[in-house]
Structures are given as C-alpha cells and as structure tokens.
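From first to last, the protein sequence lines are chains A and B.
Residues in the first sequence are numbered from 10 upward in steps of one, following the working numbering.
Residues in the second sequence are numbered from 80 upward in steps of one, following the working numbering.
In case anyone wonders, no lab produced these hints; they're calculated from the structure.
Remember, it's a predicted structure, so these values are computed and weren't measured experimentally.
Heads up, a few of these hints could be off.
[Claimed, not checked] According to the in silico footprint, chain A covers these stretches of chain B (three or more CB under 8 Å from chain A):
hint : region
1    : 123-131
2    : 145-153
3    : 162-170
4    : 173-183
5    : 186-194
[Claimed, not checked] Partner residues aside, some chain A positions facing chain B, computed with beta carbon under 8 Å:
hint : residue
6    : Q109
7    : G398
8    : L404
9    : G426
10   : V428
11   : Y430
Where a beta carbon is used, it is the ideal one built from N, C-alpha and C, also for glycine.
What follows is each chain in one-letter form.
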Amino acid sequence: MELLLESMLAILRIDVLLALLVGSIGGVIIGAIPGVGPAVAIAVILPATFSLEPLVGLTLLLGIYGAAMYGGAIPAILINTPGTPVNALTTCDGYPLTQQNQSRRALSLAYSASFIGGIFSVICLVLLSPVIAKIAPLFGSRDIFMAVLLGMVLVIITHRGQTLAVGALVCFGVFLNTVGLESIYYSKRYVFAQGWLFSGFNLIVVLLGVFALSQAFLLLNQRDERKQLPEVSGSLLSGLKEIAQHKRVVGVSSSCGVIMGIIPGVGEFLAQFFSYTLAQKFSATPELFGKGAAEGLIASESANNAVPAAAMIPLLALGIPGEALTAMMLSVFYVHNIIPGPALFQTRPGFLISLYAALFLVNVLILLFLLTTTKTILNVVRVPSRFLGVCILMLSFVGVYSLRNSLIDCAVCALFGLVGYGLKRLQVPIVPLILGMVLGEIMEQKFRSSLARIETPLDFINRPISAILFAIIVFALLAHFGEMIYRKKNRPSPHE
Amino acid sequence: MALFSLLGLMPPWQRAAAIVQNDSAARREWVYHWLGPVEYALYFLFYVYLVPRLGYLPSTLLVFPLLVFRAGYRERKYFALSWVVGVVIVVLFKSLLQVKIPGGEIYSLLPDGIRNFWIQRF
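Chain A on its own, in the form it takes in the complex:
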C-alpha cells in the first residue's frame, strides 16, 4: 500500500504532470498534422529526454505516441487524409460519414473507440507484464535469440508483396549494427581504417535520418494544398453512448491491438487491418463498410490505440521492443541505467506503477482535451507542407547535434535522410531497418552468450521454449510460402 501511495505521489510531481500535459496535447497536435506523425516527433525529442528523469522522459514520449493516433483521426475523418499512417483505415468509414454531414458523430466515435482501446491496453499491460516477467527468467540466451529471430521473421512475412525489400532492410539494419568496434575482443568490423566508424552507426542518428529528415525532404518536395475543413459543431460525447451498442467490435478490436502490440515486429498497421477485416467479416451489415459503417471506424481506431501500451509488455518484461517506437524508448531506459527485463519488476516496482498510472492518465487527458478543443485543433491541419518540412529540418538538428556535437553524426544523419527519402518514394517501409538494428544487437549478444553452451546447431533448439519458438518460425514460414503458392496457382491467367 505504501508503495502504491509513493508511486501515485511520483505522478503528482510538477515535472511529471507537465510531461503528461505536453505529451498528450503535443501528441494530438502532431498527429493531427498530416505528414508529421509520432515517429518524427519522438525521433527529434528523444535525445532531449536523456537529460530528464526516466519517468518524465518516458511519460513525454509515451504521451506523444499514444496521443498522435487520437489526433491522426481528425484529418482522416474530415479531409480524407490520415494524420498518421496508422489512421489510414479510419478514412474508409470516417470520411464517408463526414460526406453524410455526420462529422461530429464520426469524430466522437473515433475518440471513444481510441479511449477504450487505450485503456484496455493499459489494463493488459498492468496484468500481463508481471506474468510475463515471472516466465521471463525461464528464458535463456537461446530462447531470447529465437524470440528475436521470430520477431524478424514476422516483420518480413507480414509485409506482403514487399518481403524481398523488407528482408533486405532488416539484414541491412543488422549489418549497420555490426559496424565499429566489437564489444568483447574490440575487433574492428567494416571500419575501413576510418576513425569516425570505430563507434559504429548510432541508432538515434540513423533514426533521426530515416524518420525525421526523410519526412522533411518528402514534405519539401510536395506542393502545398488548400484544405477545406467542414464545420464541426455540437457535443462530442454522443460517441461514448453509441459505442456501448458495439461492445463486441470494440472488445475484439482492442484485443487484436494488444496481441499485435505484444508480438515483436507487427505493430499498429497490421492490428488495424486485421481488426477491420474481422469486424467486417462478423458484421450484420458488411456491405456498409467503406461507406460510413460505425463498426469499421470503431474497429480501426480501437485497434491502433491498443498497440502502444501493449508494445511495452515485451519491452518491460523481456527487454525486447514490440515495435519501432518502443525500440526508440529502449534507449531512454539504457541511458538511465534501467535495464528492462524481469529484474525490473523486483528492483523498481514503484517506477513501473508510476508508468502505468501515467499511461492511464494520458488517455484520460487526451480525451478531455479533444472533447473540448477539437474545433481549435482543426486549424493545425492547415499548416503548409513545405513550411512544415522546414520546421522538421531545423528540429532534426537539435536531436542529432546534441548527442555528441559531431558534424560527422549530422552528415550520417543527412545520408540516412536521403536513404529514408528514397525508400519512402519507392513506398518501401523504413521501420524494418530500425528493427533490424535494434533486434540485431540483441541477437548478437544472445548468440554469443549461447555459444558457450552449444556444440552443434541443434543444441539451439534443445530447450522447450526455444523449440516451441523455432516451431512457430517454421510454421510461419511454411504458411507464408504456402499462401504464396496458393495465390500464384489461383491467379487468373492473362487470357481469361
């Protein structure tokens, strides 16, 4: 009881409350501006949070992460432009509702669904993390290696139609992580006698380049468009009442979001598509989907908002990030010498309780903010794209230069910005590159510590957990190739 009280009091500190407020409000505004997104904001602000206390820094980042998806629904519904990529499906049913003069109802449903998805996810985080942390000590190096390998395989096979490109990017990320002085014997890997490569490629520098700078380049290359915003008037509380009529949809979609958040490498995009497809399949009126179905809107919004807190579950319990944005937050933990994993639940339970409370409060604050200020937030949608690009370019400097005050870091960041821009223009996802770097480092550490205990490759899977994970990897690959062969066989021939 004393611990609970201390943890709650930690939330009431002025710096934590300020981080909650700035994260929630800032996240909504960032999400509402098409072309920015939480990844850019987190990449820019991340280095600045290293000087803050861990609870303050994480609250700020998680606030931005969670709030951005709430805010991203606003332009998705009103002008058919998703504020963040994960609000893409929100346009399918949100915008048709706006065209039917039901924009207020659409926004209200989106906020309510997002709120329930977010809270459900936090509850799962509170309940599941300690359970997984109890199982986590059973995970040896080989088991964690297999878990990370499973994450990489899932990242690759879930990107249908782009598996080769995504596979290449994951491998490229693993390669980037190997550059520099190796940590055990200090052997030089791929440095080519260049002193600046001895410390390797810094994850934050690459992150800022591929997320923030590339987005700035993309926006600077666009033409500004005048956005006509529809009128939104009246109360936005009606969605909370209406959502009670769709309990099954919101429950199933939030659960999908949580499951997708827990599995490393999957994330909001797949959660949204999966839950939308399921909702349509089991709906009494599937023909309405894509034409303003409330169920479609609820499914996509509750699923994508259920992912952020759920992605913290493998991060906190096992030290394996669920997706790219939580991979960024991993660096906040390491900078403050807080090592995520089972030991965290024994050594810092108060910190974890404060984090759970902060996540809960973030969702409440966001909902209250949106219910009262939606009409004001609408104006941020009008920010011209190229001006936004210039702002992001200037902000990226802070993030990268503050790390080591290095011109080389900035040049590397610019280079990866161009790489990220190229990938975005080719519509190849950039997240696998970052996941490859993060997961690659964990894989290497666990692989090396496993080598002392194995004599043959089969020793990697002679433990029950690693054997089960290996079986899941084989099953996933067989299912993927089986589906590819099935699709190829059933594709209509050009002559038909």
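Fit chain B to the known structure of chain A by using the hints.
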C-alpha cells in the same frame, strides 16, 4: 542482402527508365524529385557548420528564413513565423531543456557581463 536489394529495387528503376526515356518534362520532374532533397541535405549541413561559429540562435534566425525563401514562400507572414518558431525552438531546447549545444565562437566578442548568459541560454 545485396541480392535481396537488387531483386527488390529493380522493378521501380525499370519503370523510371521507361518514363524518362522519351519525355524531357518527365526527366526534369524525375531529377527534381530524386535530387532535390540532396540540396536540402546540404543546407542542413551548412546549418550544422554555422551553429558552433555563429551560435544556435543567430544561425537559426539566419537559416530558417533562408530555407523558407528557398521552399518558395514570399509572403512576409512566413518569414515572421519562421523567426517566431526559430526563437521558440531555441528557447525550448537550449534554454529550458538545456540540450547540449555549444555556444557560438562569436559570443566571445560579447561583453563579460552577458557572454556567459548567451553561451548557456542561446
């Protein structure tokens, strides 16, 4: 990895080659879209070069409006906005969050009384 990359990227380049082959306008558009960001990357590096010399605030107030001009804006409100946003960024990150950005060499020309203040806050 190199094999995956080649297999993955070949189709877009083949499509691009087909587009630019016969159409000079398309060629110009293609060059603009692919090489345009290199110019902005160079502006970014120019900004990075200036900051330790002129200081974070002066460099920002100089480069931000230049970039706004280069992005094609000509109205005064955008230049004014660039200065306001620039000051907000500097004050937020350097003065309030105390992010580690060194003071400019030019600050050594300031009088003793305010030199330290400028080095630490701007």
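Here is how each hint holds up against the structure:
With 7 residues bearing a CB less than 8 Å from a CB of chain A, the region 123-131 of chain B meets the requirement of three and the coverage assertion stands. Coverage of the region 145-153 of chain B by chain A holds. Counting CB-CB distances below 8 Å, 5 residues qualify, and the rule asks for three or more. Only residues whose C-beta sits within less than 8 Å of a C-beta in chain A count toward coverage, and the region 162-170 of chain B has 3 of them, enough to reach three; the restraint holds. Judged by the Cβ-Cβ criterion of 8 Å, the region 173-183 of chain B is covered by chain A as claimed, because 6 of its residues qualify and three suffice.
With 0 residues having a beta carbon nearer than 8 Å to a beta carbon of chain A, the region 186-194 of chain B misses the requirement of three or more and the stated coverage is violated. A hinted interface residue such as Q109(A) counts as satisfied when its beta carbon comes closer than 8 Å to some beta carbon of chain B; here the least separation is about 36 Å, so the hint is violated. A cut of 8 Å between beta carbons decides the hint on G398(A): the least distance to chain B is about 7 Å, and the hint holds. A cut of 8 Å between beta carbons decides the hint on L404(A): the least distance to chain B is about 6 Å, and the hint holds.
Interface hint at G426(A): satisfied, since its Cβ lies 6 Å from the closest Cβ of chain B, which is below the 8 Å cut-off. With a least beta-carbon distance of about 11 Å to chain B, the hint placing V428(A) at the interface is violated under the 8 Å criterion. Hint status for Y430(A): holds, given a least beta-carbon distance of 5 Å to chain B, under 8 Å.
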